[in-house]
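Here the protein sequences come in this chain order: P and Z.
Each step along the first sequence adds one to the number in our numbering, with nothing skipped, and position 20 is 20.
Each step along the second sequence adds one to the number in our numbering, with nothing skipped, and position 213 is 213.
Since the hints were derived computationally from the structure, they do not count as laboratory data.
Incorrect hints may appear among the rest.
What the hints assert, rightly or not - Simulated restraints, written as ranges between beta carbons of each label pair:
#	chain 1	residue 1	chain 2	residue 2	range
1	Z	K97	P	A292	38 to 44 Å
2	Z	D254	P	H129	22 to 28 Å
3	P	R26	Z	E180	55 to 61 Å
4	Z	P276	P	D291	19 to 25 Å
Unchecked claim - Dumping the calculated DSS-like pairs for lysine-lysine here, alpha-carbon to alpha-carbon at most 30 Å:
#	chain 1	residue 1	chain 2	residue 2
5	P	K97	Z	K28
6	P	K261	P	K191
7	P	K28	Z	K97
8	P	K97	P	K28
9	Z	K97	Z	K191
Yeah, the Cβ is synthetic: ideal placement off N, Cα and C, and Gly gets one too.
Number of protein chains: 2
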Amino acid sequence: MRPLVFALPPSERFADALAGKLDAERGKIELHRFPDGETSLRLLTDCQEREVIVVATLIDPDPKLLPLALLTQTARELGAARVRLVTPYLAYMRQDKRFRPGEAVSNRIFARMLSELADELWTFDAHLHRVASIDDLFDIPAHNLHAAPALSDWIANNIDRPLLVGPDEESQQWVQDVAERAGAPFTVLRKERHGDYDVRITLADPNVDRTRQPVLVDDIISTARTMAETANILQSLGLRAPVAVAVHGLFAGDALHALRKAGVNRIVTSNTVPGPFAEIDVTPMLAEALDAGP
Amino acid sequence: MRPLVFALPPSERFADALAGKLDAERGKIELHRFPDGETSLRLLTDCQEREVIVVATLIDPDPKLLPLALLTQTARELGAARVRLVTPYLAYMRQDKRFRPGEAVSNRIFARMLSELADELWTFDAHLHRVASIDDLFDIPAHNLHAAPALSDWIANNIDRPLLVGPDEESQQWVQDVAERAGAPFTVLRKERHGDYDVRITLADPNVDRTRQPVLVDDIISTARTMAETANILQSLGLRAPVAVAVHGLFAGDALHALRKAGVNRIVTSNTVPGPFAEIDVTPMLAEALDAGP
Chain P
1 MRPLVFALPP
11 SERFADALAG
21 KLDAERGKIE
31 LHRFPDGETS
41 LRLLTDCQER
51 EVIVVATLID
61 PDPKLLPLAL
71 LTQTARELGA
81 ARVRLVTPYL
91 AYMRQDKRFR
101 PGEAVSNRIF
111 ARMLSELADE
121 LWTFDAHLHR
131 VASIDDLFDI
141 PAHNLHAAPA
151 LSDWIANNID
161 RPLLVGPDEE
171 SQQWVQDVAE
181 RAGAPFTVLR
191 KERHGDYDVR
201 ITLADPNVDR
211 TRQPVLVDDI
221 ISTARTMAET
231 ANILQSLGLR
241 APVAVAVHGL
251 FAGDALHALR
261 KAGVNRIVTS
271 NTVPGPFAEI
281 DVTPMLAEAL
291 DAGP
Chain Z
1 MRPLVFALPP
11 SERFADALAG
21 KLDAERGKIE
31 LHRFPDGETS
41 LRLLTDCQER
51 EVIVVATLID
61 PDPKLLPLAL
71 LTQTARELGA
81 ARVRLVTPYL
91 AYMRQDKRFR
101 PGEAVSNRIF
111 ARMLSELADE
121 LWTFDAHLHR
131 VASIDDLFDI
141 PAHNLHAAPA
151 LSDWIANNID
161 RPLLVGPDEE
171 SQQWVQDVAE
181 RAGAPFTVLR
191 KERHGDYDVR
201 ITLADPNVDR
211 TRQPVLVDDI
221 ISTARTMAET
231 ANILQSLGLR
241 APVAVAVHGL
251 FAGDALHALR
261 KAGVNRIVTS
271 NTVPGPFAEI
281 DVTPMLAEAL
291 DAGP
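Isolated chain P (complex conformation) (with noise of 0.2 Å):
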């Protein structure tokens, strides 16, 4: 029988996109939420010993677990054979530290919820700082693949004569990487202190050419203040107005307005989260990486 692909708002076309990369069908689900704020879920579609592919991008995440619980447990109640947890984009990645007393370490409390809920998940360049793998934050087998390929390919056949840039030496090898399979020249930020209130920024490689176009590569766009900062310097050093291009687009907040002001003049990002901007489709990678997988 073939796969079962299920979605959970915002992931239709997502969804939608994957089950056609997979030959799969794509499941259809009611969703409905009460005036007194809960929510009800159906299957409409038969899950008895199949195996079912549950993908549900999880921005803004307080408020998708306990539906995305209701989807996953219900498909197993209804037989399925096993169920694959996509989350295109996976919250709560960065606080991954008790920095304080008395902080939650939500990465690994979370990581744990959704552990209960699935097989085994599979998302997208999820933010593992201090984390030496994924797996070791989930209970059940996970996986992390890394969008840089379909980043490389956009760059490649998009932008002419670019050059690729990081906002900080911590993002160089990120960057080298998306830079040499799209074939172009690539420099980060360095940050030089002088002292208290002396802090020089200039390009780490110096030589490169500056005429050629500034694409900002990131994993993640949220507030966007860093974009908009490593945006606004390098147009301080001569620069072009910059593309930024990341994997993950959240635009939290005023993200879009900071770009904007910060002159940036297009932005990219992959479908992991959906948008105007999500014009990169990662699931021809994940389809890929669905079927290979064991």
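Given chain P, work out where chain Z should sit, using these hints.
Same frame as chain P, but now just chain Z:
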């Protein structure tokens, strides 16, 4: 050491009152919502080897589940001897059956998730229709307290010559219980079907004193459709404008408007859900039960 009572919004005042009755310390938390919708939580009071009580009324439940997990799990990680979860109002108890194929049976799924978060659960007047005991639903000891005595006391102390009225014959036992403790007479509405288009509604006890003050009692006011309909019928049967008394005042959607339109002249609920009508304090009953509990 004295027990420690934490609260999730909007249960702060309930927790204050409970802590007072238990001679417990009110634990402090810092709760923050990031622009991307993630929650951060910090316990500002030390939990080490202490008995921790977490109060979280579960109106609008979906967005509360993760903050609740952050609170209870962090208390455990930081050495709480025991975590007792108090949900004065417990959501998701109505969907207790797969009414139509494919429906999520949310009462069990929700109860299972809550069972992961604490060592025991305490609530008031959970809506248990097809579930014999709340203990059957949870994997941890669960206690369903009844606010009826507090409602009876309030009615006896505040309403002159009351006549208690239940909305239907199903409510008979509960209404009778509240009435007897209040030392007041009671009746319920009876529907008699005389054909497809002929339903007659009467007072089950035709001999009640119609000059008394009708007091509609119910376990919950959600959208208030039942309560408003009952109020209308009573007045068409020649009774006075009723007072409405309930355990849980959710007032979903336009409930207040519907009650006022139906001529309800006073609304009073317990404080399981906070709000302007939450006059009846159930924390004395709860404190006694927690003290007596295992």
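Evaluated hints:
1. Checking the proposed 38 to 44 Å range against Z/K97 and P/A292 shows it holds: the Cβ atoms sit about 41 Å from each other.
2. Take Z/D254 and P/H129: their Cβ atoms lie about 47 Å apart, and the range 22 to 28 Å is violated.
3. Our hint of 55 to 61 Å for P/R26 and Z/E180 holds, since their Cβ atoms are close to 57 Å apart.
4. Look at Z/P276 against P/D291: about 58 Å separates their beta carbons, and that is not inside 19 to 25 Å.
5. Simply put, P/K97 and Z/K28 have alpha-carbon atoms about 21 Å apart, close enough for the 30 Å limit, and the pair holds.
6. A hinted pair counts as satisfied when its Cα atoms are at most 30 Å apart, and P/K261 with P/K191 qualifies at roughly 23 Å.
7. Only pairs whose Cα atoms come within 30 Å are accepted, and P/K28 paired with Z/K97 is accepted, the gap being roughly 20 Å.
8. As the CA atoms of P/K97 and P/K28 are separated by approximately 39 Å, the hinted pair breaks the 30 Å bound.
9. Only pairs whose Cα atoms come within 30 Å are accepted, and Z/K97 paired with Z/K191 is accepted, the gap being roughly 26 Å.
In this structure, the hints that do not hold are numbers 2, 4 and 8, in rising order.
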